[in-house]
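Chains as they are written, first to last, in our numbering: chain A, 269 to 568; chain B, 269 to 568; chain C, 269 to 568; chain D, 269 to 568; chain E, 269 to 568; chain F, 269 to 568.
Check before you lean on any hint, since a few could be wrong.
What the hints assert, rightly or not - Going by beta-carbon spacing under 10 Å, a handful of chain B positions derived as facing chain C: (1) S402; (2) S404; (3) R407; (4) R427; (5) H434; (6) R435; (7) G439; (8) S440; (9) H465; (10) A466; (11) E473; (12) V492; (13) T525; (14) D546; (15) V547; (16) G551.
Hints are computed from structural coordinates only; laboratory data are not their basis.
Beta carbons: idealized from backbone N, C-alpha and C, even for Gly.
Number of protein chains: 6
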Amino acid sequence: MKDNQVMLPTLPPWPLVDPIIDRALEEDLAGGDVTTDACVLPETNASATFVARSELVVSGLEVAERVFARVGGGTVTFQSRVPDGTRAKRGDQLLHVAGRARVLLMAERVALNFVQRMSGIATLTQKHVDARPSGSKTRIVDTRKTTPGLRILERYAVRCGGGHNHRDTLGSAVLIKDNHIVAAGGVRAAIERARAHAPHTSKIECEVETFEQLDEALAAGVDVLLLDNMDDAKTADALAKIRAHQGARAQAGASVTVEASGNITLSRVRSLADLGVDVISMGALTHSAPAADVALDLRL
Amino acid sequence: MKDNQVMLPTLPPWPLVDPIIDRALEEDLAGGDVTTDACVLPETNASATFVARSELVVSGLEVAERVFARVGGGTVTFQSRVPDGTRAKRGDQLLHVAGRARVLLMAERVALNFVQRMSGIATLTQKHVDARPSGSKTRIVDTRKTTPGLRILERYAVRCGGGHNHRDTLGSAVLIKDNHIVAAGGVRAAIERARAHAPHTSKIECEVETFEQLDEALAAGVDVLLLDNMDDAKTADALAKIRAHQGARAQAGASVTVEASGNITLSRVRSLADLGVDVISMGALTHSAPAADVALDLRL
Amino acid sequence: MKDNQVMLPTLPPWPLVDPIIDRALEEDLAGGDVTTDACVLPETNASATFVARSELVVSGLEVAERVFARVGGGTVTFQSRVPDGTRAKRGDQLLHVAGRARVLLMAERVALNFVQRMSGIATLTQKHVDARPSGSKTRIVDTRKTTPGLRILERYAVRCGGGHNHRDTLGSAVLIKDNHIVAAGGVRAAIERARAHAPHTSKIECEVETFEQLDEALAAGVDVLLLDNMDDAKTADALAKIRAHQGARAQAGASVTVEASGNITLSRVRSLADLGVDVISMGALTHSAPAADVALDLRL
Amino acid sequence: MKDNQVMLPTLPPWPLVDPIIDRALEEDLAGGDVTTDACVLPETNASATFVARSELVVSGLEVAERVFARVGGGTVTFQSRVPDGTRAKRGDQLLHVAGRARVLLMAERVALNFVQRMSGIATLTQKHVDARPSGSKTRIVDTRKTTPGLRILERYAVRCGGGHNHRDTLGSAVLIKDNHIVAAGGVRAAIERARAHAPHTSKIECEVETFEQLDEALAAGVDVLLLDNMDDAKTADALAKIRAHQGARAQAGASVTVEASGNITLSRVRSLADLGVDVISMGALTHSAPAADVALDLRL
Amino acid sequence: MKDNQVMLPTLPPWPLVDPIIDRALEEDLAGGDVTTDACVLPETNASATFVARSELVVSGLEVAERVFARVGGGTVTFQSRVPDGTRAKRGDQLLHVAGRARVLLMAERVALNFVQRMSGIATLTQKHVDARPSGSKTRIVDTRKTTPGLRILERYAVRCGGGHNHRDTLGSAVLIKDNHIVAAGGVRAAIERARAHAPHTSKIECEVETFEQLDEALAAGVDVLLLDNMDDAKTADALAKIRAHQGARAQAGASVTVEASGNITLSRVRSLADLGVDVISMGALTHSAPAADVALDLRL
Amino acid sequence: MKDNQVMLPTLPPWPLVDPIIDRALEEDLAGGDVTTDACVLPETNASATFVARSELVVSGLEVAERVFARVGGGTVTFQSRVPDGTRAKRGDQLLHVAGRARVLLMAERVALNFVQRMSGIATLTQKHVDARPSGSKTRIVDTRKTTPGLRILERYAVRCGGGHNHRDTLGSAVLIKDNHIVAAGGVRAAIERARAHAPHTSKIECEVETFEQLDEALAAGVDVLLLDNMDDAKTADALAKIRAHQGARAQAGASVTVEASGNITLSRVRSLADLGVDVISMGALTHSAPAADVALDLRL
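Turn these sequences into a full structure, and let the hints guide you.
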């Protein structure tokens with residue numbers, strides 16, 4: 269395996285995704301499909317093509333296939349599929365499915381709802397990834413601001429767009445926020461307590477809003493610093509302080525990771541990356557991504 | 269009850285909403301909350317206030333309360349809550365909750381994820397409702413392009429924003445689309461078959477893209493016409509045709525409902541309403557609404 | 269597709285039916301099958317035939333097959349199956365299944381429980397459908413008085429028996445009952461409020477017990493009238509009133525649908541159909557249908 | 269506790285019943301209640317009374333209360349309730365509930381569906397229990413022919429009607445049927461294998477259709493004999509054979525229990541009880557009981 | 269079928285086992301597998317072998333296969349499998365699986381967790397079965413002290429180890445314990461009440477701690493006696509009493525089954541069996557069995 | 269909050285624990301409780317005390333209370349409870365519950381099954397924690413070898429015993445094992461790939477079996493080293509190497525965490541801690557802990 273080989277993101281296994289799909293089907297089909305039942309003969313066959321109606325980054329096509337398979341079982345066949353993560357242009361064909369017309373019509377909307385949302389997230393992520401200066405190692409990262417019930421799919425979609433994931437859950441890693449600092453009696457106490465209790469596999473991340481907090485966090489040996497809502501100038505100052513702090517120990521490789529968050533815009537991605545921030549995290553990737561425009565063309 | 273009294277939308281009962289909340293909690297908390305466990309003492313109390321950070325229409329506050337109640341049981345108390353559907357300004361306080369600091373911190377993100385999404389939908393809906401000329405009876409209506417698993421909450425959020433709901437599911441009512449027309453062998457056949465098979469409580473809606481289809485649908489006695497992707501000029505022509513068709517029978521009250529869909533923008537809402545369209549349906553209300561900006565302030 | 273072609277009813281897709289089947293299996297098999305485990309060798313093969321023990325209309329055979337498939341996976345083979353909706357005579361063979369004897373014995377009772385209940389409903393429905401005068405367009409229709417947890421299967425069974433379905437759920441369509449009238453302050457107010465709030469895809473149905481209510485409902489432009497517990501004479505009077513109301517506008521096609529409900533007996537089906545009622549709805553189709561007599565013959 | 273004290277049947281705890289209730293609510297309310305939302309103000313209060321519309325044995329009132337509680341939470345109050353198992357006359361009031369009119373209307377149908385089905389089973393059971401000669405110890409017993417998903421409620425309803433339950437599941441006790449006999453190579457082998465493998469807490473029951481099988485089963489030490497589809501004369505002969513077999517050992521108390529099943533009618537209950545059969549089991553108690561007629565009267 | 273043929277235990281069907289597997293997968297994989305995703309290419313294939321690392325009795329291999337199948341679907345192939353119940357030596361290969369390396373790595377831990385627990389139970393059971401004198405008919409039996417959520421798998425594992433199962437649930441059979449005796453007002457009353465109410469398929473078992481209770485239970489016609497926490501001497505006395513009681517009726521075959529429970533050790537199994545106890549029941553088989561040592565060797 | 273204050277572990281919120289409890293109840297009570305129903309009057313009250321029958325560390329008492337509350341609702345009262353994590357002696361009373369005797373008897377076994385398992389794990393963990401030399405900072409840590417379906421409870425029980433948790437899931441943190449190394453083409457490549465892909469909140473842990481691997485991992489900047497199956501001598505050599513590697517950079521605080529795993533015994537805990545290992549991880553804490561001996565005494 270070559271080091272520059274692209275590692276495609278993988279979906280969690282079907283036993284974790286099927287319940288999400290089945291709930292969506294139940295939401296839409298618990299009462300059957302009265303239109304299709306009336307208008308379409310059971311034995312009529314058809315094929316369906318997913319087409320991009322605007323430029324987008326593809327995500328969720330495997331999920332869409334699975335929707336058709338859940339509805340139609342072995343009667344559905346899958347003929348081609350662009351890999352998730354692909355950049356598609358308006359008009360590009362993404363997926364071909366064939367089977368009973370009734371099945372395709374019953375499953376269409378639910379399948380599209382997944383693809384449009386996931387591709388919307390992948391597309392928005394890619395836009396921010398592309399906004400970085402060329403060669404940048406700064407990561408574009410999601411948050412826990414995901415749609416209730418869809419976290420595993422939305423984190424996957426972020427990866428499809430070239431982004432990285434932040435911690436998965438409140439139980440995966442430590443992130444000390446302002447309220448934890450208040451409750452623990454200060455930055456140092458919070459960091460020390462977290463290090464004493466959290467799994468040894470977790471880095472200790474601490475959110476700071478002031479340089480006093482920043483200094484205290486560095487002194488306490490924080491692993492990741494989250495600079496909360498700092499503008500570019502303040503971010504630059506923070507980075508200078510961090511580098512100074514690390515100066516003496518630079519040779520030891522004990523680097524502190526710096527994450528910027530809050531009020532991130534597309535234009536700030538470049539400036540933050542230029543400043544040398546390691547991670548830019550954005551709730552908007554998952555909570556405000558507009559749906560990608562994908563259509564399903566059906567032919568008898 | 270006065271006829272102009274506002275009917276507040278109601279959430280479906282908790283047995284239908286709790287599973288959605290619980291899945292969101294499990295997504296986030298299955299591994300516990302390592303930060304809070306380390307930094308916050310079990311007996312520490314706190315109170316939390318939800319604050320609007322921008323202008324928005326409120327939706328989901330009852331759901332947010334329920335999230336805290338699911339996490340903290342009887343230890344959480346609810347002190348005040350603005351009704352869903354309220355228009356809030358930046359800085360307005362929306363909800364006060366008090367209880368164990370650990371509970372508030374564990375539930376915060378999930379509660380906010382619901383409120384931000386639902387208020388985002390309500391806010392976007394209200395914007396389109398407000399775009400209608402004063403006194404207009406034209407409805408702003410959602411579609412089945414909802415987030416998988418959240419349909420009941422998103423339809424409720426649309427109502428909070430002053431919108432109306434379209435049919436709930438594929439089993440609730442008939443909507444004949446282009447593919448059904450092809451499969452049934454024409455508009456007339458599709459409408460007749462649908463009328464013969466569908467529940468007698470359902471109107472028969474048919475999507476038309478051409479005036480030929482429109483004429484055929486009117487002749488077949490369609491109840492609702494969906495004008496698909498027609499611009500204002502074409503919509504005006506369609507409405508003229510429909511009115512002419514109805515002219516002779518206007519006194520009979522047998523009116524055809526006209527729904528416009530596809531390529532709806534905020535500016536077109538006014539022109540379509542002025543033309544006299546009855547219903548404007550928009551997938552974007554639910555699939556592309558940006559999250560409303562709501563924050564939770566916590567005090568020990 | 270010819271217009272007189274029979275449209276076979278379709279089951280909702282398996283992701284909606286499997287949970288029902290699996291709960292039934294869990295109810296019966298959570299502790300294993302101690303008799304079969306003791307008496308039957310794992311490798312013994314057998315075949316099973318479902319046989320009608322009395323005249324009946326078949327429904328649920330696909331569900332029965334699925335029960336065997338859930339229990340036995342790929343080890344079960346299905347050799348022939350009469351289509352749901354078929355009228356069977358005593359002694360007719362309905363379904364042949366082959367596989368491991370243990371699988372067939374473990375699944376037998378659950379499979380039969382589905383077939384007997386669903387065929388019982390289909391048979392009772394067909395009896396009422398057949399009671400109409402020849403050529404009648406009057407529909408025999410179910411209600412929401414279904415067995416908790418089995419609505420989708422029971423509505424399907426009604427269709428297998430030649431019946432039609434009423435609205436699926438409380439969210440699908442408007443049906444104003446006596447209590448809604450009281451709460452809204454009268455028939456007119458109730459109908460107007462319903463029209464103002466309900467999805468534009470729903471007809472407005474109103475239950476009436478008196479001619480005053482009937483007049484008021486007609487005046488308010490009701491779409492469907494439910495005549496509650498009226499005997500034949502009163503029904504005839506009601507229809508006369510409705511026709512008179514519609515006289516002037518008959519040419520406009522704006523017909524009111526008339527549904528009779530309450531105290532329906534087999535003999536009244538004919539008289540009500542002769543009177544010209546459009547719809548006869550009966551809770552008994554689903555809540556009081558005796559199980560059809562179906563047996564499973566097993567051969568090693 | 270006196271020995272002749274009536275032991276009221278008990279429902280399994282709510283964690284086992286709530287999922288059944290919640291599925292029924294979801295079936296009916298996933299799309300909300302468009303009629304109630306339109307016509308009834310949120311703050312309107314009402315009270316509801318369940319009334320028997322014909323003679324019946326009550327079952328399911330606790331479940332009905334729970335339905336209202338699931339929908340309305342603490343806003344619903346319960347004012348009186350006749351105990352399950354009570355014999356009610358036409359017009360008797362069974363249950364009083366008070367709360368928000370919206371809650372009562374949303375929950376009404378689901379609550380009634382449970383009460384009507386369960387009371388129907390209790391009523392049919394009681395009818396057969398009453399058909400026994402006075403002082404009879406013969407049990408009226410259900411089977412595994414229960415409605416899929418409702419076994420725990422239906423077995424409880426049988427007990428409300430004065431009946432007894434047969435084994436709960438295939439894993440609870442041994443019942444050797446014709447097919448097991450074939451597979452095991454004879455009655456004796458089947459009984460011996462069952463005794464060798466089944467839990468020592470289970471009696472060994474064997475179904476017999478002929479006197480040869482009966483002799484063989486007695487010789488093998490069967491605990492319970494199921495006389496399958498034998499008429500009264502044949503049943504009498506069978507009982508004589510069994511008594512003769514037991515004669516020599518009567519003093520030892522080692523009695524064989526005799527169960528009659530198949531083609532049981534109300535009139536045969538008396539004759540079978542007079543013959544001295546211990547148990548009469550009937551699938552019809554659960555699979556063919558007509559719903560009891562119960563109405564809900566609502567007052568604002 | 270020969271009478272001495274070994275009846276292999278059977279797992280309940282997959283619809284009952286899959287939810288257990290899927291919950292285990294969700295517990296481990298809801299956040300994906302960050303290590304495997306980073307280090308292993310999607311298309312890399314591998315094979316895996318389960319190897320016994322100590323002497324053990326195999327149980328759960330079918331479950332392990334199912335884990336891989338749930339994760340990898342049709343991409344996984346199963347090449348050989350030792351039957352559950354086999355006695356394996358250190359180094360024995362138990363199961364060969366082949367498929368995508370990612371799938372094998374993601375499923376490995378969950379599959380092993382099942383096999384190690386189930387084989388641990390089977391191994392401990394076999395050890396006690398083997399401790400009986402040769403030819404002994406005394407059963408080694410489990411209890412309801414099973415791991416929450418795993419009862420069906422653990423009871424199966426006991427059977428794999430040559431043990432028998434006790435009653436499955438509180439609803440399967442009667443077991444009167446000390447507290448029931450107190451509540452019923454004595455042993456005799458409890459037994460009579462149980463016989464009057466419990467299904468006729470259930471034997472009546474009663475726990476006794478004293479000889480007075482034992483006498484009373486015998487007089488009341490108990491079917492199974494549980495000697496609670498009696499040492500060997502006391503057990504011998506109890507058996508003598510029971511035999512004396514049965515003496516007169518020995519020819520009638522009306523034997524009382526004797527179960528010993530409490531403080532059972534491996535060395536006491538032999539003495540209790542020698543004394544002639546019918547059943548030895550042990551909670552430790554399921555609640556304290558150490559995991560069997562099984563490893564998974566993976567080859568690219 | 270003082271730094272040396274003990275932070276009691278917290279259970280995840282009830283929506284995550286209730287499904288586990290309810291499945292256990294369903295496993296045991298789906299068929300009701302035939303013994304209790306027969307022998308105990310509904311209105312009889314009782315109280316129950318959980319008593320330690322041997323020395324143990326308490327865990328799961330809150331879960332036990334919840335079991336009673338799920339079964340009995342508001343009819344159960346809780347009078348006192350020792351905090352989880354308490355060291356109890358034989359005879360210590362742990363929990364007092366009062367309520368209906370039927371409720372206490374129905375819930376008893378399930379409640380005990382949780383407490384015995386969880387306290388067993390806590391007790392075994394504490395034993396290993398206590399085996400460390402006084403003042404030791406070496407952690408005793410669990411693994412992913414937990415009982416399927418019970419991970420959140422078992423990880424909590426480990427914390428009750430003074431242990432720490434390892435990563436929660438495969439998605440929480442990186443742990444590179446031998447197979448990942450093979451698949452990635454070596455230790456260095458695996459570590460670099462992991463660092464490039466995994467969330468920035470996760471440390472990079474790598475398992476090593478040889479000193480070559482250890483050197484390579486150190487050179488690649490590993491954060492946590494897992495010494496797999498090394499005896500004390502080899503562990504000492506490994507630690508010396510690691511310290512030498514860190515020597516130059518000791519002042520930088522960039523320390524590598526060292527975890528020992530495989531073949532850990534109680535006696536090795538002390539020697540490994542003396543050597544200076546940071547973390548000792550043991551699958552046996554969860555997969556082989558014998559149940560703690562806890563009894564429930566019931567008084568009417």
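Results of checking the hints against the structure:
Taking 10 Å as the C-beta cut-off, the interface hint given for S402(B) is violated, the closest approach to chain C being about 18 Å. Residue-level restraint check for S404(B) is violated (minimum Cβ-Cβ distance to chain C is 14 Å; threshold 10 Å). Taking 10 Å as the C-beta contact cut-off toward chain C, the hint placing R407(B) at the interface holds, the least distance being around 7 Å. With a least beta-carbon distance of about 9 Å to chain C, the hint placing R427(B) at the interface is held under the 10 Å criterion.
About 6 Å separates the beta-carbon of H434(B) from the nearest beta-carbon of chain C, less than 10 Å, and the hint is met. Interface hint at R435(B): satisfied, since its Cβ lies 4 Å from the closest Cβ of chain C, which is below the 10 Å cut-off. For G439(B), the suggested interface contact is upheld, since its CB lies about 5 Å from the closest CB of chain C, less than 10 Å. The beta carbon of S440(B) is positioned within 10 Å of a beta carbon in chain C (closest approach about 4 Å), and the interface hint is therefore held.
With a least beta-carbon distance of about 6 Å to chain C, the hint placing H465(B) at the interface is held under the 10 Å criterion. A least Cβ separation of about 8 Å between A466(B) and chain C falls short of the 10 Å threshold, and the interface hint therefore holds. For E473(B), the suggested interface contact is upheld, since its CB lies about 6 Å from the closest CB of chain C, less than 10 Å. Hint status for V492(B): holds, given a least beta-carbon distance of 6 Å to chain C, under 10 Å.
Taken as an interface hint, T525(B) checks out: its beta carbon lies about 5 Å from the nearest beta carbon of chain C, inside 10 Å. Look at D546(B): its Cβ gets to within about 7 Å of chain C, closer than 10 Å, so that hint holds up. Checking V547(B) against chain C: minimum C-beta separation of about 5 Å stays under 10 Å; hint holds. A hinted interface residue such as G551(B) counts as satisfied when its beta carbon comes closer than 10 Å to some beta carbon of chain C; here the least separation is about 16 Å, so the hint is violated.
The structure fails to meet hints 1, 2, 16 from the earlier list, while all remaining hints are met.
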